[in-house]
Amino acid sequence: MHDLDDAVLVGLCRRGDTAAWEALVTRYQRLVFSIPRRAGLDEDLAADVFQQVFATLVEQLGRLEHPERVAGWLATTARRESWRVSRLRRGLPATTISNEDGDLELPDRDPLPGEELERIEEHHRVRVAVGRLDEKCRNLLQALFFAPEPPAYAEVATRLGIPEGSIGPTRGRCLQKVRRLLETNGA
Amino acid sequence: MTTDRSNEMSATRGHVPFETIADIVEGRLPASRRDAPLAHIAGCGSCGEAQRWLQRTLTTMRDHIGEDAPAHVVNRAIRLTRTAVLPAEAQGRLRRLVAALRFDSLATPQAMGVRSGAAATRQLIFGTEEHDLDLRVEPSGTGWRLSGQLLGEASGGTVRLVGEAAPIEAELDESLEFALEPVPAGRYAIQVRIADTVIEAEGIELGA
Numbered sequence: 152m153h154d155l156d157d158a159v160l161v162g163l164c165r166r167g168d169t170a171a172w173e174a175l176v177t178r179y180q181r182l183v184f185s186i187p188r189r190a191g192l193d194e195d196l197a198a199d200v201f202q203q204v205f206a207t208l209v210e211q212l213g214r215l216e217h218p219e220r221v222a223g224w225l226a227t228t229a230r231r232e233s234w235r236v237s238r239l240r241r242g243l244p245a246t247t248i249s250n251e252d253g254d255l256e257l258p259d260r261d262p263l264p265g266e267e268l269e270r271i272e273e274h275h276r277v278r279v280a281v282g283r284l285d286e287k288c289r290n291l292l293q294a295l296f297f298a299p300e301p302p303a304y305a306e307v308a309t310r311l312g313i314p315e316g317s318i319g320p321t322r323g324r325c326l327q328k329v330r331r332l333l334e335t336n337g338a
Numbered sequence: 004m005t006t007d008r009s010n011e012m013s014a015t016r017g018h019v020p021f022e023t024i025a026d027i028v029e030g031r032l033p034a035s036r037r038d039a040p041l042a043h044i045a046g047c048g049s050c051g052e053a054q055r056w057l058q059r060t061l062t063t064m065r066d067h068i069g070e071d072a073p074a075h076v077v078n079r080a081i082r083l084t085r086t087a088v089l090p091a092e093a094q095g096r097l098r099r100l101v102a103a104l105r106f107d108s109l110a111t112p113q114a115m116g117v118r119s120g121a122a123a124t125r126q127l128i129f130g131t132e133e134h135d136l137d138l139r140v141e142p143s144g145t146g147w148r149l150s151g152q153l154l155g156e157a158s159g160g161t162v163r164l165v166g167e168a169a170p171i172e173a174e175l176d177e178s179l180e181f182a183l184e185p186v187p188a189g190r191y192a193i194q195v196r197i198a199d200t201v202i203e204a205e206g207i208e209l210g211a
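If you're matching them up, the sequences are chains V and U in order.
Just so we're aligned, residue 152 is where the first sequence starts under this note's numbering, counting upward by one.
Just so we're aligned, residue 4 is where the second sequence starts under this note's numbering, counting upward by one.
Treat the hints as calculated values from the structure; they're not laboratory data.
Misleading hints may appear alongside valid ones.
[To be verified] Cut-off 20 angstroms, straight-line C-alpha distance, at most; resulting in silico cross-link-like pairs (SDA-like, lysine to any residue):
1) V:K287 to U:F21
2) V:K287 to U:E22
3) V:K287 to U:M64
4) V:K287 to V:F297
5) V:K328 to U:E22
Take these sequences, add in the hints, and give me the full structure.
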């Protein structure tokens, strides 16, 4: 399931495939949770936003006109819900609004500026692409690039049980796979 | 000449291998072996694009901006489908009623003596056996404002406007009234959720 693209996963969810739903939630859990957290909500409120977003997705599955863009839908809905919860917490009205282009226009300070949301979305796109790789590539790229500091190849070789000399060429092939996946998804 | 050096020097015959560009971006290529590849990259569109892609993507990978949801939060969302992919109404827990259009001011002939001219506000009334939804549609800036009231027994609820974009929501106030704006042009359904019932009115066209 982890290597299926979003449109296929959504299609399976629509047919009641619970494994596909689990794969979809797992794929987007970091994106949907990061948005309310970066908007300043604590873990409990972020968890509420998280649940509401996916509950809304379940209801709207049949209406999504562009299932391949479910990532954008989730990000927009999470941002909107974060704003609504943030306003409720401050005792303000929580009507949500949008302008003619569908962009979120907020009557007060947006707790999550557009640039920050773009950064979260971009990071997530790359992580999803890595997540769809075969196990060998996925493990290698996660070991090399998802750590806070670049690790030594010797350390990575020991951890993954592979020859140190193979890391460079394998890394190159795996990154090219990521590039193809991102290009296929329009990134 | 070592294999590494011949690979790097292939820049003089063709493109720089992707692996070498990755080494340059990661700072793993010794300074003494960078000149030829860098000279090629500077003048080659595709190699330059590869370098930019790698710089951008590796920076993004190392950007620790995201945060994983706790496992119990993820599991709770996964469990949604144990009730919801099998629709809630199929389990007898949620009533979904389609409200019929009973009145549309656009379709009503003007009474005699009333000055002609398009009314700024359009009124639509949808109804079920137990409730009516009085909806007002009026221009607002470059979009529309939808406001209205649910008539009938209810103690609060929510209104959701559903179209192609992400839904727009509002709470019903004490008088069961609501307002949604600005709403872009498009075709919508409106869902009013009260207790265990969803009242849905479809086919609401808001012109561009």
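Okay, the hints, checked on the actual structure:
no., hint, result
1, V:K287 to U:F21, "holds (19 angstroms)"
2, V:K287 to U:E22, "holds (17 angstroms)"
3, V:K287 to U:M64, "holds (17 angstroms)"
4, V:K287 to V:F297, "holds (15 angstroms)"
5, V:K328 to U:E22, "holds (13 angstroms)"
When the structure is compared with the earlier hints, no violation turns up for any of them.
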